[in-house]
Each structure stands twice: as C-alpha cells, then as structure tokens.
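Residue 453 is where the sequence shown ends in the numbering used here, and the numbering goes up by one at each step.
Warning: the hint list may mix true and false statements.
Stated by the list, open to error - Label-pair restraints from in silico Cβ distances:
| hint | residue 1 | residue 2 | range |
| --- | --- | --- | --- |
| 1 | 442 | 185 | 44 to 54 Å |
| 2 | 440 | 323 | 20 to 30 Å |
| 3 | 285 | 170 | 46 to 56 Å |
| 4 | 174 | 448 | 41 to 51 Å |
| 5 | 387 | 225 | 42 to 52 Å |
| 6 | 292 | 34 | 48 to 58 Å |
By construction, these hints were calculated from the structure, which means they are not laboratory data.
All C-beta atoms, glycine included, are put in the ideal place defined by N, C-alpha and C.
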Amino acid sequence: MLARSRNLIDLASLFASKTGGLFVALLLLPLIAGVLGPARFGIVTVIIAVQTFFTIADFGASAYLTREMAVPGKRTATLLRAWHGLEKLLLAGTAGLSLAAALVAYLGFQETGQVMLILGTGVLVALTVLQNLAYSCLVARKNYLSSSAVQSVFVLLRAGLSLLGLHYLSSTVETFVLIQSLVLAMHLAASRLMLRQSLQRGSSPPEGAPTAEPTSLRALFLAIRPLALAGIAGAAVTQIDKPLIAALVSPEAVSYYFLAYSLCSTPAGILAGPIAQFFQPRIVALLSHANEADQVKGIRNFSLALAGAVVVPALAMWLFRRPLVDLWLPSGHDNRLIAEYAAILLPAFTLGALGYVPVILLISAGEYHFHARTALLQAILTLVLLLIASSLGRIDLVCWVYAMHFLLSYLLYLARALMLPTTRRMAQAALHTQLWTTTPLIGLGWILSQVLG
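Model the full assembly from the supplied sequences, consistent with the hints where possible.
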C-alpha cells in the first residue's frame with residue numbers, strides 16, 4: 001500500500017512539472033506574440049524549434065544515459081564518468097554547429113546583430129540540452145519529487161522574466177534569448193548539483209574525481225552513435241516544419257501553424273511524457289530480471305495508463321476544438337484556420353503518444369540499430385513530403401504528413417517488438433490493452449462528432 005502511494009506521488013510530481021511547464025507556455029505564447037508582432041514572433045518560433053530539435057535529438061545522450069542510470073548495479077564512478085563525457089560531447093557538438101552557422105551568416109554578409117543572435121541561440125541550445133540531460137538522469141534515478149519541483153520553479157521563473165523583459169526592457173528577439181539563457185544557466189547549475197548528490201548516494205562511492213579520457217569519449221561516441229542518428233532524424237521530422245514554412249510560405253503562416261501545433265501537442269506532452277518517464281526505468285528493470293508474468297503486468301499498466309490518460313482528453317479537445325481555440329487565443333488570430341489544423345494534428349499526436357510503448361520497449365531491450373535505421377528512413381520520407389507540402393503553400397498537407405508519419409512509426413516499431421523473442425510477449429500484451437481501451441473511445445468520438453455536427 002505504501003509503495004503504491006509512493007508511486008502515485010511520484011507520478012503526480014512528474015505530471016505537475018510537465019503540466020505547469022506546458023500551461024505556462026500555452027499562456028505565454030499568445031502574450032509574446034502580441035508583444036513582438038507576427039514577424040518577430042515568427043523568428044522566436046524558429047528559435048524555439050531549433051531549441052526543441054536539439055532537446056529531442058541531443059545526439060542520443062539522454063536515451064543512452066537514462067537507460068544506464070536505470071540498470072541496477074552500475075557503479076557510481078562509471079555513471080559519473082559517462083555523464084561528464086556526454087556533457088563534453090554535447091558541448092562540442094552544439095558549439096561546432098553554432099560557430100558554423102554564425103560563419104555562414106557572416107560570409108553571407110548578414111548584419112552583425114544577426115550573427116550575434118545566432119551565437120546567442122547556440123548558447124541557449126547548449127544550456128537546454130545539458131539541462132535536459134541532467135533532468136532525464138534525475139528521473140531515471142527516481143528522484144521524481146525533487147527534480148520536478150526544481151523544474152517547475154525554473155520554468156515559471158523563465159516564463160515570467162521573459163515576459164517582463166519584453167514588456168519593460170526591450171521587445172526584441174535578442175532580449176528573449178538573453179533572459180532565457182540566464183535563467184537556464186541557473187537551472188542547469190541546480191540540476192547538476194542534485195544529480196551529483198544523487199549519484200554519490202548510490203550503491204558504490206565515487207572513485208576520485210572522474211575525468212573523461214579521449215578513449216572514454218570515443219567509446220561513448222560509438223555507443224551513442226545509433227541513438228544519435230535516431231534522435232537527430234526524429235527531431236528533424238518534428239521540428240523542421242516551422243523553418244520550412246517560414247522560409248517557403250511566410251513568418252505569419254508559421255505563427256498560426258505553430259499555435260495549432262502547440263495546442264495539439266499539449267495532451268501528449270502533459271500526460272504521455274510523464275507516464276513514459278515514470279515507466280521507462282521499470283521496463284528496463286523488467287526486461288533485465290523479471291519473469292514473464294511481471295513483464296506482462298508492467299507493460300499492461302504502462303499501456304493502460306497511456307491510453308486512458310491521453311485518448312480521453314484528446315478526444316474532448318478534438319470535439320470542441322473551435323470553442324477551445326476561441327477561448328485560448330484573443331482576437332486578431334485566424335482561429336478558424338488554427339482549428340482546421342488542430343482537427344488533423346490532434347489525432348496525429350495522440351497516435352504518437354500511444355507509440356511510446358513499442359519505442360520504449362525496443363530501446364529498453366537495446367534495439368538501437370533498428371531504431372536508428374527506421375528513424376532515418378522515416379525522416380527522409382517525411383522531410384521530402386514536408387518540403388513538397390510547404391513549397392505548395394499547403395499547411396493542411398503538412399498536418400496530414402505528420403498523421404502519416406506517426407501511423408507508420410507506430411506500425412513499424414510494434415511489428416519489430418512483436419518479432420523479437422525478448423519483447424514479443426510484452427508487445428502482444430501492450431497491443432491487446434491498447435485495442436480494447438482505444439477502440440470504444442474512437443467509436444464514441446465518431447458518434448458524438450455526428451451528433452454535434
């Protein structure tokens with residue numbers, strides 16, 4: 001009973017952290033858009049897209065290290081060495097890409113202010129990926145309550161100070177980037193301190209000051225290379241749409257699309273993300289040591305939690321999407337167009353959330369190379385289709401491309417999990433659970449849509 005209560009508290013803390021951050025973003029985005037105007041807000045959406053791209057991709061560091069943190073019996077010194085080595089690889093990667101982008105802008109005779117904005121965005125991205133790595137490791141170490149509390153505080157602080165700075169200092173993109181970077185630096189410092197303390201409380205004491213030797217960095221790079229490829233491919237698919245629309249259509253068009261995208265990703269972000277974070281360390285442990293009965297029970301709980309928590313609110317949002325958009329956004333936005341985009345994107349993101357189950361199952365089983373190959377091939381196909389849709393100026397086709405992407409991803413990963421002997425029984429249980437929970441809800445949604453017109 002006490003263990004179940006503790007699990008509920010831990011899961012609630014993850015929900016609170018994610019919910020607070022996304023609701024702050026949903027409330028903040030229209031205010032920032034109003035202060036900056038459509039053109040400058042379009043630039044901010046591109047910066048946020050780049051920031052999110054590297055948070056998702058992060059060269060596979062989070063996916064690799066969280067799995068290592070969740071495996072029982074790992075020595076503290078080994079984990080510290082891996083963490084610091086991955087931090088150095090992330091810093092080298094983001095710094096190199098930022099300098100390359102700034103050099104291209106400089107050689108292209110861009111203004112000095114634009115070059116400095118690119119470098120400032122590079123600093124923001126580096127801080128973001130390092131902070132995300134530390135937070136992911138804290139969750140993998142099951143420090144749910146403390147990490148979520150710190151996350152919530154700094155998200156609120158970053159949002160509030162950004163809005164105040166834009167209002168009272170300067171309503172420029174540079175001000176936004178500067179304030180975000182300063183608060184993220186403080187957040188990173190707090191998270192690194194918490195993670196070091198958590199590791200030093202582990203089963204084995206640290207063996208002196210850990211350093212990442214060149215051979216260690218090379219070994220880490222080779223270990224994360226498949227995950228890095230998969231992460232970059234997946235992040236490209238989910239984030240390249242905004243720069244493409246901004247470049248091939250207009251900044252104003254990407255503003256409306258970004259608002260619809262942000263609204264539709266809310267159920268998956270608020271509900272699916274914390275559930276996946278909570279269950280992933282348990283799935284790793286189940287695959288390592290548990291018997292088949294425990295494995296089936298664990299994956300059923302994971303699948304049931306995702307299906308129940310994501311599908312129901314997404315269905316309600318889909319049915320009442322236009323009133324919801326009108327309530328969320330003030331006058332001056334094309335709410336009808338945003339609602340049309342939402343009608344396509346909401347089911348797409350819901351299917352993507354259900355796809356967490358086979359993806360996490362395969363990653364927990366160490367299927368890195370399949371993950372990399374599948375993500376790369378999907379990315380090539382999806383990016384070609386996104387380029388075509390954007391060049392035609394058809395934002396609705398961009399939304400349909402994402403619906404196709406999430407459906408194909410779900411089917412491919414599920415098929416692979418059903419084929420592997422180590423994951424077949426768990427994949428069968430997950431599929432059965434998702435079918436009997438989601439099919440009645442989809443049928444109910446269709447009936448209600450016909451009744452409501």
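Does the Cβ-Cβ separation between residue 442 and residue 185 fall within 44 to 54 Å?
45 Å, holds
Outcome of range test on Cβ distance (residue 292, residue 34; 48 to 58 Å): 56 Å, holds
task = Confirm or reject the claim that residue 174 and residue 448 have a C-beta distance inside 41 to 51 Å.
result = Hint holds: Cβ distance 47 Å, inside 41 to 51 Å.
If I claimed the Cβ atoms of residue 285 and residue 170 lie 46 to 56 Å apart, would that claim hold in this structure?
Roughly 50 Å apart at Cβ, these two residues keep to the hinted range, so it holds.
Do residue 440 and residue 323 keep their Cβ atoms within the hinted range of 20 to 30 Å?
25 Å, holds
field: Outcome for the supplied range 42 to 52 Å, where the beta carbon pair is residue 387 and residue 225
entry: 27 Å, violated
Violated hints amount to a single one, hint 5; each of the other numbered hints is respected by the structure.
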